[in-house]
Amino acid sequence: MTNKTYNADLSRRHFFSKAAAAAGMAVAPGVFLRQVHARPAEQAATSEQRWGILIDTNKCAKGCDSCVTACMDENGWGRADASEDKSGPHQKAQWIRKVTIKDKQTGHVQSLPLMCQHCENPPCVDVCPTGASMKRADGIVLVDKHICIGCRYCMMACPYKARSFVHEDLEDQKVVAPRGKGTVESCTMCVHRVDKDGTPACVEACNADNHNAMYFGDLKDPNSEISRQLKDYGGEQLRADLGLNTGVRYQGL
Amino acid sequence: MSLRQLIQTTILAGLIALPFTVQAGDAPTPEIPKAKEKATEEYGCVAPTDYMRKNHMDELMHKRDKTLRKGIRTRKFSLAECINCHVTPDEDGQFASFGEDEHFCSSCHNYASVSVDCFSCHRDTPEQTDYQHTFNTGDNPHHGKIALEGNKLSVETLQVLTEGDQQ
Ligand code: SF4
Ligand code: SF4
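Here the protein sequences come in this chain order: A and Z. One point on numbering: in the numbering used here, the residue at position 173 of the first sequence is 173, and numbering is uninterrupted. One point on numbering: in the numbering used here, the residue at position 134 of the second sequence is 387, and numbering is uninterrupted.
Calculated directly from the structure, the hints in this document are not laboratory data. The structure presented is a predicted model; accordingly, all values stated were derived computationally and were not measured. Glycine residues also receive a C-beta, built at the ideal position from the N, C-alpha and C atoms. Some clues are possibly wrong.
[Unchecked claim] Covered stretches of chain Z (chain A as the covering partner; in silico rule of three or more C-beta atoms under 8 Å from a C-beta of chain A):
(1) 310-323
(2) 342-348
[Claimed, not checked] Computed cross-link-like contacts, DSS-like style, restricted to lysine-lysine with a CA-CA straight-line distance of at most 30 Å:
(3) Z/319 x A/135
(4) A/181 x A/86
(5) A/220 x Z/316
(6) Z/329 x Z/291
(7) A/181 x Z/323
(8) A/196 x A/59
(9) A/181 x Z/307
(10) A/231 x A/181
(11) Z/287 x Z/319
(12) A/62 x A/92
(13) A/59 x Z/289
(14) A/174 x Z/323
(15) A/161 x A/59
(16) Z/316 x Z/289
(17) Z/319 x A/174
(18) A/220 x Z/319
(19) A/135 x Z/329
(20) Z/316 x A/181
(21) A/104 x A/59
(22) A/220 x Z/323
(23) A/181 x A/98
Only chain A is shown next, with the shape it has when bound in the complex:
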């Protein structure tokens, strides 16, 4: 699928979903597009959805870090946040990072973004002594910083090194991403966007740059782009042997 048709398909989907919502029409005989609409603000997230991200490593460009910088801008860590200046690079927050992997046998080099995998059975939640590490009904794993005591057990338990600890006083945080000293944080799958029917910043940036290596969507909706991709082409979990059933999947590993 070329970039162009993918984008065209997206806008068509938006059009049809609205049209279908208005008229309840069938796009083709027997094919109904599921009604896509924002969950009302006063309604809680439910387990009817499970949000996921699919990453096609073959489309992920080496040297590109659009997803990482988009996440920084959106959530105010890293580059956008100049205030963590006493922390070394290994101490600073990293919600998402680009990882390069090489197959020793073939020499094949791949580049992929790595972030919280939003595990269905998250070890970070298992070990948290306070209940601060938590999984929402729709599968998004978050830290409730109101009750996090900064013990960092979750950082040790996470097999993907997805979590960071904030060591310094911060100011001018983003409204959508409160973060502060003494608490642990990680990718939130841009939950503030998802709650308003939006797409995570990383996915949006990847598409905007025409790499189209990331799909975001509902894993429980068989008609979502992500589910169709997974059905047709498959998608692997990192460290599937751990049985965590991750919400982030990879193609072409």
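With chain A fixed as given, assemble chain Z with the ligands onto it according to the hints.
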């Protein structure tokens, strides 16, 4: 006078002197900055002022759990909306930070010596880049404008665009 009596007398003298040393009016009454707009016509704020003075912390506490754990993102009692409306710029367009007497929350909290830790994580000033937009979208009947959110068209805009197409 035994030691015990001495202590008792001292404490008694201290207690009697207390009302005279801390006199009403010693600390200046806080100047509380005016809110930017009226959230409701009825009482200005989202709830009557008396209620807000007494219960804002409980409402914020309920709201934080609902928002974070359940994803319920209504605007009433949302801390971000409190800040958007109540933290106002001075003549130079500068916002006071939490801790300074000019900041809406600190104006009272400094006076009452009640510390809060909301702002070790939460932003203490309106986000100038897009707070006007967020303020104008959503469920508040007083703000009916259609706004763009980031680069993404809002649901309302999409509806207008797509429904326009069908006619
Ligand atoms: S990837 Fe790590 S932080 Fe994310 S849910 Fe799994 S264990 Fe928790
Ligand atoms: S650092 Fe916070 S979230 Fe992590 S295990 Fe400790 S209390 Fe839980």
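Open item on the list: To test your reading of the hints: which numbers does this structure violate?
Closed with: Checked against the structure, the hints that fail are numbers 2, 10 and 13, while the rest are satisfied.
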